[in-house]
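Visitor: Below are the chains, spelled out letter by letter.
Number of protein chains: 2
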Amino acid sequence: MNQQYPSALLEKAVGEFAKLPGIGKKTAMRLVLHLLRQEQSTVEAFGNAIMTLKKEVKYCKVCHNISDTEVCQICSNPQRDASVICVVENIRDVMAVEGTQQFRGLYHVLGGVISPMDGVGPSDLQIESLVKRVEEGEVSEVILALSSTMEGDTTNFYIFRKLAKSNVKLSVIARGISIGDELEYTDEVTLGRSIANRTIFTGTV
Amino acid sequence: MNQQYPSALLEKAVGEFAKLPGIGKKTAMRLVLHLLRQEQSTVEAFGNAIMTLKKEVKYCKVCHNISDTEVCQICSNPQRDASVICVVENIRDVMAVEGTQQFRGLYHVLGGVISPMDGVGPSDLQIESLVKRVEEGEVSEVILALSSTMEGDTTNFYIFRKLAKSNVKLSVIARGISIGDELEYTDEVTLGRSIANRTIFTGTV
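Protein sequence lines, in the order shown, are assigned to chains D and A.
Quick note on UniProt numbering: the first sequence kicks off at 1 and runs consecutively.
Quick note on UniProt numbering: the second sequence kicks off at 1 and runs consecutively.
These aren't lab readings, by the way, just hints derived from the structure by calculation.
Everything numeric in this text was worked out from a predicted model, so none of it was measured.
Please note that a few of the clues may not be correct.
As the list claims (entries may be wrong) - Computed list of lysine-lysine pairs in DSS-like fashion (alpha-carbon distance at most 30 Å, straight line):
1. 25(D) x 26(A)
2. 132(A) x 55(D)
3. 55(A) x 26(D)
4. 19(D) x 132(A)
5. 61(A) x 12(A)
6. 162(D) x 61(D)
7. 58(D) x 19(A)
8. 58(D) x 132(A)
9. 12(A) x 58(D)
10. 61(D) x 12(A)
11. 26(D) x 132(A)
12. 61(D) x 58(A)
13. 55(A) x 12(D)
14. 61(D) x 132(A)
15. 165(D) x 61(D)
16. 58(A) x 19(D)
17. 58(A) x 26(D)
18. 55(D) x 169(A)
19. 25(D) x 132(A)
20. 55(A) x 165(A)
21. 55(D) x 25(A)
22. 26(A) x 58(A)
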């Protein structure tokens, strides 16, 4: 160990960086040496930003999105349509849907999808609180916007069964060929779904 | 800004990560969300390892390699040959040469190479202290092991002139085709050097 790293402190810092996903020892070394070349204050700003985030971050008690306040900015915005809830896997998906500027309702962040392989069951996700939101509130539609994977589909079906008693409209985002994709390179399942779920042509795509 | 990030703390942490070389906003977000999923203690270990390194790291006063002590483990090792100094650009190069287990002398870390484009002049590097080491000591050979670039060559030449008065032997690591490389894909300059600097064949490569 000491033969390789000239300093135990350096080795520790590299080790911590290398624990991050997608970062190997070489990249970790490059990042640590980059930080070493910066001012003391820059390095402290870096370390503090991460520790402060972990210490002080809150999750919206309504939708479980990350937030600086008890109820997040989206949930507390009176201009948003509280009758539609879009169910997503994580915070990044909220940001992705927000980025489209096509959705003016509220969100519900599950915190993952059901995945027995990874030991994630329904009780690890915010599904009960979704059912409660639907039962209590003025919700007319729940849009399922999970990944199009085995795990996503399983979770969709689980939520479908959980909400079967309530008379909320349950929809799922459209599957089909991506804008810009060529037909011949699209897989058969997607293309089949695209044809089955065709919509009336209105002159614009 | 707030439209994109649901939390100012999150945005700050992502911003700090995105300042690192080769890390964009998307990767930064992925890394920060990974850290958020970890235990409080794990995140603190990460932050502290980096801040402690920056605060407490020392540089060996002989060779300027990174070190936990005043004089690094290599310089203070009596088994190393103090009559040979290998001049390298940075800490990673020390580790690379050490990794070969072919060198038992001491090092001298310049801290970079002369690069007018990046505003790095000879006075920004540990060249004066190298000259002093050579003049004062029992040094018989200085090996230049810098990158084979314009900047590396410039720095080699600068050191050559600086050491011209002393009667130390000055050598440079061999340039040639890499082990495992095919001749037809080797560039002409490298191949030319390989031929000019050919060595007596002794039966082993």
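Visitor: Taking the hints in turn, state whether each one holds.
Guide: Structure-based check of each hint:
1. 25(D) x 26(A): holds, 21 Å
2. 132(A) x 55(D): Not OK: residue 132(A) and residue 55(D) at ~50 Å, beyond 30 Å, violated.
3. 55(A) x 26(D): With Cα atoms ~22 Å apart, residue 55(A) and residue 26(D) stay inside 30 Å; holds.
4. 19(D) x 132(A): violated, 42 Å
5. 61(A) x 12(A): Violated: residue 61(A) and residue 12(A) sit about 37 Å apart, past 30 Å.
6. 162(D) x 61(D): holds, 21 Å
7. 58(D) x 19(A): holds, 25 Å
8. 58(D) x 132(A): violated, 57 Å
9. 12(A) x 58(D): Holds - the C-alpha atoms of residue 58(D) and residue 12(A) are around 15 Å apart, at most 30 Å.
10. 61(D) x 12(A): holds, 22 Å
11. 26(D) x 132(A): violated, 33 Å
12. 61(D) x 58(A): Roughly 47 Å between the alpha carbons, so the hint for residue 61(D) and residue 58(A) is violated.
13. 55(A) x 12(D): With a Cα-Cα distance of about 14 Å, the restraint between residue 55(A) and residue 12(D) holds, given a limit of 30 Å.
14. 61(D) x 132(A): Violated - the C-alpha atoms of residue 132(A) and residue 61(D) are around 66 Å apart, more than 30 Å.
15. 165(D) x 61(D): Judged against 30 Å, a Cα distance of about 24 Å means the pair holds.
16. 58(A) x 19(D): holds, 25 Å
17. 58(A) x 26(D): holds, 21 Å
18. 55(D) x 169(A): Given pair residue 55(D), residue 169(A) is violated - Cα atoms ~58 Å apart, limit 30 Å.
19. 25(D) x 132(A): Given pair residue 25(D), residue 132(A) is violated - Cα atoms ~35 Å apart, limit 30 Å.
20. 55(A) x 165(A): violated, 39 Å
21. 55(D) x 25(A): holds, 22 Å
22. 26(A) x 58(A): At roughly 34 Å apart (the allowed maximum being 30 Å), residue 58(A) and residue 26(A) break the hint.
Consistency note: the structure conflicts with the earlier hints numbered 2, 4, 5, 8, 11, 12, 14, 18, 19, 20 and 22.
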